[in-house]
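**Q** Residue numbers (my numbering), protein chains in the order written: chain E, 143 to 486; chain L, 143 to 486.
The hints are simulated quantities; they were obtained by calculation from the structure and are not laboratory data.
Backbone N, C-alpha and C fix where the C-beta goes; we use that ideal spot for every residue, glycine too.
Some hints here could point you the wrong way.
Stated by the list, open to error - Label pairs and their calculated CB-CB ranges:
1) E:Gly292 with L:Ala253: 47 to 53 angstroms
2) L:Pro156 with E:Gly292: 45 to 51 angstroms
3) L:Glu449 with E:Gly210: 34 to 40 angstroms
4) L:Gln453 with E:Thr322: 34 to 40 angstroms
5) L:Ala253 with E:Leu270: 41 to 47 angstroms
6) L:Thr477 with E:Arg239: 24 to 30 angstroms
7) L:Lys266 with E:Thr322: 20 to 26 angstroms
8) E:Arg208 with L:Gln450: 51 to 57 angstroms
9) L:Pro156 with E:Thr381: 44 to 50 angstroms
10) E:Asn456 with L:Arg323: 46 to 52 angstroms
11) L:Gln450 with E:Pro156: 37 to 43 angstroms
Number of protein chains: 2
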Amino acid sequence: MSANPILVEVTRGPAVESRHRGAFVVVDASGKIVCAAGDPNMPVYPRSSAKPLQAIPLIESGAADRFGLTDRELALACASHQGEPAHVRAIESWLARIGLSPGSLECGVQAPRTPEASEDAIRKGIRLTPAYHNCSGKHSGFLTACVACGNNPSGYIEPDHPAQRRVTATLGEMTDCDLTRVALGRDGCGIPVYHLPLQNLATGMARLADPSTQPKARAEAAERLLNAMASEPFYVNGTGGFTTEVMKAAPRTVRAKGGFEGVYTAALPTKGLGVALKIEDGAMRAAECAMVHILQALDCFSARGEEQLDQFFNAIIRTFAGNIAGSVRPSASLTSSLSSRLSL
Amino acid sequence: MSANPILVEVTRGPAVESRHRGAFVVVDASGKIVCAAGDPNMPVYPRSSAKPLQAIPLIESGAADRFGLTDRELALACASHQGEPAHVRAIESWLARIGLSPGSLECGVQAPRTPEASEDAIRKGIRLTPAYHNCSGKHSGFLTACVACGNNPSGYIEPDHPAQRRVTATLGEMTDCDLTRVALGRDGCGIPVYHLPLQNLATGMARLADPSTQPKARAEAAERLLNAMASEPFYVNGTGGFTTEVMKAAPRTVRAKGGFEGVYTAALPTKGLGVALKIEDGAMRAAECAMVHILQALDCFSARGEEQLDQFFNAIIRTFAGNIAGSVRPSASLTSSLSSRLSL
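For reference, chain E alone in the conformation it holds in the complex:
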């Protein structure tokens, strides 16, 4: 396979120390490419970046209405949260409302991810449950749909369980991809993950952003999920998290979602576009740097929004004593691919 371009460089002193290659693609709801770099057909595991697509059946099944899910809970269904106390409490109360508990979650246990929440859990000797897992909101959504549809929730993470059949069917429709024909892996939280072309993933996000050609129920589900993410950005990620900060800085224009191994997606509702990005080596530092510059080139940020995101636009590497040692910056090839994009 031909090499994807270097998208991000990590500098130290006057030299480039490390380089991150990757591909990104921006499409409209028909799948037409507006802007790209690297191979748009590169297959990628979306990991958590597909969560807003995976949450559609929670609404279409009627489960969200039946249990009166709030925007906060819908945001959690689309979230990779950090296991902060507010995230965990919200999951516990949601599960209690559908008659279940964190013990029904099959995602496994993950320690909290912010330094404060992590140290607090250690200091207090808190017994961690699956509610702390970054995917516990997505899994709570699966469980809610199971209860509403009368499915036995046990084994809801398996590909042939009704919960995953619903999710896979929706994901295939939204991304225009026959998922029976692509590689199938297991995500970190145990559910199926499909190796689909980057452009198809971007198309799924574009159809969330512009659901005008979707069936009415799907279009309403898409709008409701994107509104929930915009209303409750803290519940999509958490304190200082990239997608939370981006959505706080651009609440009208961007719904962004990250996935492990260097994946980011975004739905841009005011432009009707979808974005998908994969850093070849999986580095999140590079994915964040590339994504914030792609969104900037797509005119997603106000001047004030850009100021709020300074830590991502100008990511500094410091010595342990606090002196500046280097930076994470977009490569010349990323900058040039962004400046040559089609006029929107």
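Given chain E, work out where chain L should sit, using these hints.
**A** Same frame as chain E, now just chain L:
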């Protein structure tokens, strides 16, 4: 610049999820290449992988003898330790013996790196000092040389301080590189770091492994440092650490050292060879996978040694619930470059 080959692949289910490019080179003490992949002239910041070379002046200056440094202390001078209690106690007692304390270390503060040491420090509310920093042994070596040579230790991390002038001169000689002509950055611990060609870094390690053409004092220093690393592998890294485990599994044949941003070096004393490896994107998971397979191809491990290193030869990626999801494995191009090496 032309792309370095993919050396390591990260799989998930039946597909490759992420790819790591890089270069490595194996040379003898004259700098002649025995085996390589990618660009051997690629400039790299060695980061901590050069520590065994940076420790030479500690011995050549007479400081190690004057203060009766033990193998454990010399191993720490070459170490990136994990801030485990035994590491910190050894540093504190060493500094006390030269009349100083952790307050003289200019490396900054870093929290312990093993889960056990990290959680213990949080639980007990331990006040962290620079002794916990992974480079505190190297810095204690610099301070020891300052005291022995009558240099005021203050500012010993700056390029023009006598401590760093000694280290830079030695590093330039060992690597056959005019360091005044390469990019100069600041390492994470504050000291100068030079952007030198990968092959030169490997040459420095080969001359540690085979110091037969070096001046007598340098040859003795090289042997003493390599012996110290072999005698005290725990103090070079720590519990479960890659270089500690490799040296425990191959105590006669390998002295390995890692550096941030995907760098590994090794000195192979029984073969008189040096190895240097850089993963382009800085990923340590890829650097460990590539390094263990390079050392295997160079016949460094017994069958039992390979068994002991199974966690690195067969690095498994699991779901949070503990099921196997994928692996980190050498690429076909790494395997083929290793099988086409010159016969040793």
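**Q** Please go over all the hints and tell whether each is borne out by the structure.
**A** Against the structure, the hints come out as follows:
1. Between Gly292 of chain E and Ala253 of chain L the beta carbons are some 49 angstroms apart, a value that agrees with the proposed interval 47 to 53 angstroms.
2. The hinted window of 45 to 51 angstroms between Pro156 of chain L and Gly292 of chain E is violated, with their beta carbons roughly 34 angstroms apart.
3. At about 57 angstroms, the CB distance of Glu449 of chain L to Gly210 of chain E disagrees with the hint of 34 to 40 angstroms.
4. Between Gln453 of chain L and Thr322 of chain E, the C-beta spacing of about 35 angstroms keeps the proposed range 34 to 40 angstroms intact.
5. Between Ala253 of chain L and Leu270 of chain E the C-beta distance comes to about 20 angstroms, which lies outside the given range of 41 to 47 angstroms.
6. Restraint check, Thr477 of chain L to Arg239 of chain E: a C-beta distance of roughly 54 angstroms breaks the suggested window 24 to 30 angstroms.
7. Taking the beta carbon of each, Lys266 of chain L and Thr322 of chain E are about 54 angstroms apart, not inside 20 to 26 angstroms as hinted.
8. In this structure the hint that Arg208 of chain E and Gln450 of chain L lie 51 to 57 angstroms apart at CB holds, the actual value being about 56 angstroms.
9. In this structure the supplied range 44 to 50 angstroms is violated for Pro156 of chain L paired with Thr381 of chain E, their Cβ-Cβ distance being about 37 angstroms.
10. The beta-carbon spacing between Asn456 of chain E and Arg323 of chain L, approximately 30 angstroms, falls outside the hinted interval of 46 to 52 angstroms.
11. Hint check: Gln450 of chain L to Pro156 of chain E, Cβ distance near 42 angstroms, so the stated range 37 to 43 angstroms holds.
In the structure shown, a violation is registered for the earlier hints numbered 2, 3, 5, 6, 7, 9 and 10, in ascending order.
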